[in-house]
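Protein sequence lines correspond, in order, to chains A and B. Once you know that position 87 of the first sequence is 87 in my numbering, the rest is easy, because the numbers rise by one and skip nothing. Once you know that position 54 of the second sequence is 54 in my numbering, the rest is easy, because the numbers rise by one and skip nothing.
Derived from the structure by calculation, the hints contain no laboratory data. Built from N, CA and C at the ideal position, the CB exists for glycine as well. Among the clues, some could well be false.
Said to hold, decoys possible - Residues from chain B shown here face chain A by an in silico Cβ test under 10 Å; the list is partial:
| id | residue |
| --- | --- |
| 1 | E24 |
| 2 | L28 |
| 3 | R31 |
| 4 | A32 |
| 5 | A38 |
| 6 | M40 |
| 7 | D42 |
| 8 | R46 |
| 9 | G74 |
| 10 | K76 |
| 11 | R79 |
| 12 | I80 |
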Amino acid sequence: MFFIDPHVHMVSRTTTDYENMAMAGVVAVSEPAFWAGFDRTPSAFADYYRQLTEFEPLRAAQFGISHYCWICLNPKEAEDSGKAREVLSLIPQYLSRPNVLGVGEIGLHKNTPNEMDIFRRHVQLAIDTGSAGRHRLILIHTPHLEDKLRGTRLIIDMLKEFGSAIDPSRVLIDHCEEHTIRMVKDAGFWAGMTVYPTTKATPERAVDMIEVYGSERVCINAAADWGISDPLWVHRTMLEARRRGHKLRTLMKIFHNNPATFFGGHLGFAIRPMDVVHRDLNTD
Amino acid sequence: MNRHDATEPTDAAVEPLSGGRVLELYFLKARAASLDIAAMLDRLSRAEQSLGPVNDERKVRLKSALHVLADEAGDKARRIQEIFSIKG
Numbered sequence: 001m002f003f004i005d006p007h008v009h010m011v012s013r014t015t016t017d018y019e020n021m022a023m024a025g026v027v028a029v030s031e032p033a034f035w036a037g038f039d040r041t042p043s044a045f046a047d048y049y050r051q052l053t054e055f056e057p058l059r060a061a062q063f064g065i066s067h068y069c070w071i072c073l074n075p076k077e078a079e080d081s082g083k084a085r086e087v088l089s090l091i092p093q094y095l096s097r098p099n100v101l102g103v104g105e106i107g108l109h110k111n112t113p114n115e116m117d118i119f120r121r122h123v124q125l126a127i128d129t130g131s132a133g134r135h136r137l138i139l140i141h142t143p144h145l146e147d148k149l150r151g152t153r154l155i156i157d158m159l160k161e162f163g164s165a166i167d168p169s170r171v172l173i174d175h176c177e178e179h180t181i182r183m184v185k186d187a188g189f190w191a192g193m194t195v196y197p198t199t200k201a202t203p204e205r206a207v208d209m210i211e212v213y214g215s216e217r218v219c220i221n222a223a224a225d226w227g228i229s230d231p232l233w234v235h236r237t238m239l240e241a242r243r244r245g246h247k248l249r250t251l252m253k254i255f256h257n258n259p260a261t262f263f264g265g266h267l268g269f270a271i272r273p274m275d276v277v278h279r280d281l282n283t284d
Numbered sequence: 001m002n003r004h005d006a007t008e009p010t011d012a013a014v015e016p017l018s019g020g021r022v023l024e025l026y027f028l029k030a031r032a033a034s035l036d037i038a039a040m041l042d043r044l045s046r047a048e049q050s051l052g053p054v055n056d057e058r059k060v061r062l063k064s065a066l067h068v069l070a071d072e073a074g075d076k077a078r079r080i081q082e083i084f085s086i087k088g
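So that you can see chain B by itself, here it is in the shape it has in the complex (with noise of 0.2 Å):
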C-alpha cells in the first residue's frame, strides 16, 4: 500500500450521497432509460399488431423486471439480475 492509499478512507468509510444528490446525478440518465424501454415495448407492440403475437421467454423475463422496477422493495439490481440468469 503507498502512502496516498494509506490516507484515503475506504470504500465503506465514505459519506453516502444524499437522496437530492442521486437524483441531481443519476435522474437524466434513468428517464432516457425508461424511455428506451418504453419505445422498446411499443416497438415490440407494433410488431406483434403486424405480424402476430410472440411466444418468447425473454418478452416474460422483461415484464417479471418491470415489476421489480415497480414494487416497493430494495435490492431491485441483483433481483433483475436473477430474473435474467439461467437457473439451475
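Bound conformation, chain A alone (with noise of 0.2 Å):
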C-alpha cells in the first residue's frame, strides 16, 4: 500500500518523522505553507519558503520520499495588511520552484475583512501566475471549530465572485467535516479531510464521510504539524477503512491515487495513480 500525504507540516517534523512515514509507505509529501506558532516578519517569510523549496526536499529525498509544497500568506498572519501585502509581493518569485504545486493553504481563521482581503488577493494571484489558461493550484484552509461553517460558505463565494477565471477541479478545500464537506464537493471543489482527532476529524468519523460522500475528489491529511497530532493518522484511517471491509483498490484510490490526481494538475508533479492488479501467477 503506497501513500501521497496531502497535507503535512514537515518543517515541525522530526526526521524520524520521515523515516517512519516512508517505513508506512509514503511516497510523496505535499506541505502548505503555515503559521508557526507566532507572527513572523517579511523577511522570515523568506527563509521560510526556502526551507519549503530547498532544505525539506532534501530531508524528505534521504527516505525516498518526494517533497512538494505550496507557498503563501497562512490566514492567522493576515489581519496585518501592509505586513500580508509585502509578503505577498514576495511569493511569486517562489512559485516557480520545482516542488511548488501552487498557492496554499490560504483561507480564513477567524473570517475577518482584511482575511478575506488577503484571500482575495491570493486567489487573484494564482490567476495571475497560472499557464495555458490555467490558474495554478489552490490549496484552502478551512477556519477552526465555531468558525467553520460560516468561513466555509464565505470562501465558496469568494471563490465564484470570481467566474470562469476559477476552475473548482484545480481548488481543494480541505479541513472538511460532517457540516461542510456537501457544500464543498456540489460546489465542484476537491473536499480535504484532516484526522487531527480533538479539533477536527477522527479516523472513524473521516470513514463514515467517504461511506456518505463517495470517494470522489477527496483527500484525506493528518495535517501534522507541530500541535498535538502524528502523520499516521493517515494510515489509522486506512486501517479503519480496512477493518470496515473497504477494498484494495478503493484504499488505493483514497490515499495514493486521489491526491495523485488533483496535485497531477501541477505539471511537475511527478507520482502518477496506480492500479491494483490481481493476477493469476499460474497463467502468467
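Both chains are given apart, each in its own frame, so use the hints to dock them into the complex.
Here it is, written out as C-alpha cells:
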C-alpha cells in the first residue's frame, strides 16, 4: 500500500517522522505554507519559503519521499494588511520553483474583512501566475471549530466571485467535516478531510464521510504540525476503512490516487495514479 | 511519608477548578466525544436502514446513558457506569 500525504507540515516534524512515514509506504508529501505558532516578519517568510523549497526536499529525499509544497501567507497572519501585502509581493518568485504545487494554504481563520481581502489577493495571484489558460492549483484552509461553517460558506462565495477564471477541479478546500463537506463537493471542489482527533475528524468519522459522500474528489490527511498530531493518523484511517471491509483498490484511490490526480494538475508533479491488479501467476 | 509528601496539601484540600477553567481544559475533548457518539449513532442508523433494525440491549443502554447526559441531575459518571454494569 502506497500513500501520498496531501497535507503535512514537515518543518515541524523530526527526521524520524520521515523515516516512519517512508516505512509506512509514504512516497510523497505535500506541505502547505502555514503559521509558525507566532507572527513572523516579512524576512522570516523568505527564509521559510527557502526551507520549503530547498531544505525539506533534501531531508525527504533521504527516505525516498518526494517533497512538494505550497506557498502563501497563512490566514492567521493576514490580519496585518501592510505586512500581508509585503509578503504577497515576495511570493511570485517562489511559485516557479520545481517542488511548488501552487498557492496555499490560503483561507480564513476568524473570517475578518482583512483575511477576506488577503484571500482574494491570493486567488488573483494564482490566476495571474497561471499558464496555458489555467490558474495555479489552490489549497484552502477552512477555519477551526465554531468559525468553520460560516468561513467555508464565505470561501466558496468568494471563489464564485471570480467566475470562470476559477476551475473548481483545480481547488482543494481542506479540513472539511460533516457540516461542510457536502457544500464543498456540490460546488465541484476537491474536499480535504483532516484526521486530527480533538479539533477536526477522527479515523472513524473520516471513513463515515467517505461512505456517505463518496470517494470522488476526496483526500485524507493528518495535517501533522507542531501540535498534538501524528502523520500516521492517515494510516490509522486506512486501517479503519480496511476494518470495515473497504477494498484495496478503494484504499489506493483514497490514499494515493486521489492526491496524485489533484496534484497532477501541476505539470511538475511526477507521481501518477496506480492500479491494483490481481494476477493469476499460473497463467502468466 | 517523606518530607515532600508531608508538605503537600491533601487532595481534599485542593481548591476546586473554576467552571471557566474546567471548560478551558475539557471543552474540546467533550466536544470531540459528543461528535464521536453522534457519528456512531449515525453509523448505526445507516446500518439499520440498509440491513434492518438491530435488537440489542447495548443500544438500549446507550440511549439510557444519553438521557443521563442530558438531565439536570449530577453524579452522571457513576449513574452511567451503573447503566453499563451487569445487574444483580
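Hint check results:
With a least beta-carbon distance of about 14 Å to chain A, the hint placing B/E24 at the interface is violated under the 10 Å criterion. Because the beta carbon of B/L28 sits about 5 Å from the nearest beta carbon in chain A, less than 10 Å, this interface hint is met. Because the beta carbon of B/R31 sits about 8 Å from the nearest beta carbon in chain A, less than 10 Å, this interface hint is met. Among the interface hints, the one on B/A32 holds; its C-beta lies about 5 Å from the nearest C-beta in chain A, closer than the 10 Å criterion.
Satisfaction of the interface hint for B/A38 is found here, the shortest Cβ-Cβ separation to chain A being roughly 8 Å, below the 10 Å cut-off. Look at B/M40: its Cβ gets to within about 8 Å of chain A, closer than 10 Å, so that hint holds up. The closest approach between the C-beta of B/D42 and any C-beta of chain A is roughly 7 Å, which is under the 10 Å cut-off, so the hint is satisfied. Among the interface hints, the one on B/R46 holds; its C-beta lies about 8 Å from the nearest C-beta in chain A, closer than the 10 Å criterion.
Checking B/G74 against chain A: minimum C-beta separation of about 26 Å lies over 10 Å; hint violated. Interface restraint check for B/K76: the shortest CB-CB distance to chain A comes to about 21 Å, outside 10 Å, so the restraint is violated. Below 10 Å, beta-carbon pairs count as interface contacts, and B/R79 has none with chain A, the closest being about 26 Å; its hint is therefore violated. For the restraint placing B/I80 at the interface with chain A, the shortest Cβ-Cβ distance is roughly 21 Å, beyond the 10 Å limit, so the hint is violated.
The structure fails hints 1, 9, 10, 11, 12 (numbered hints given earlier, in ascending order).
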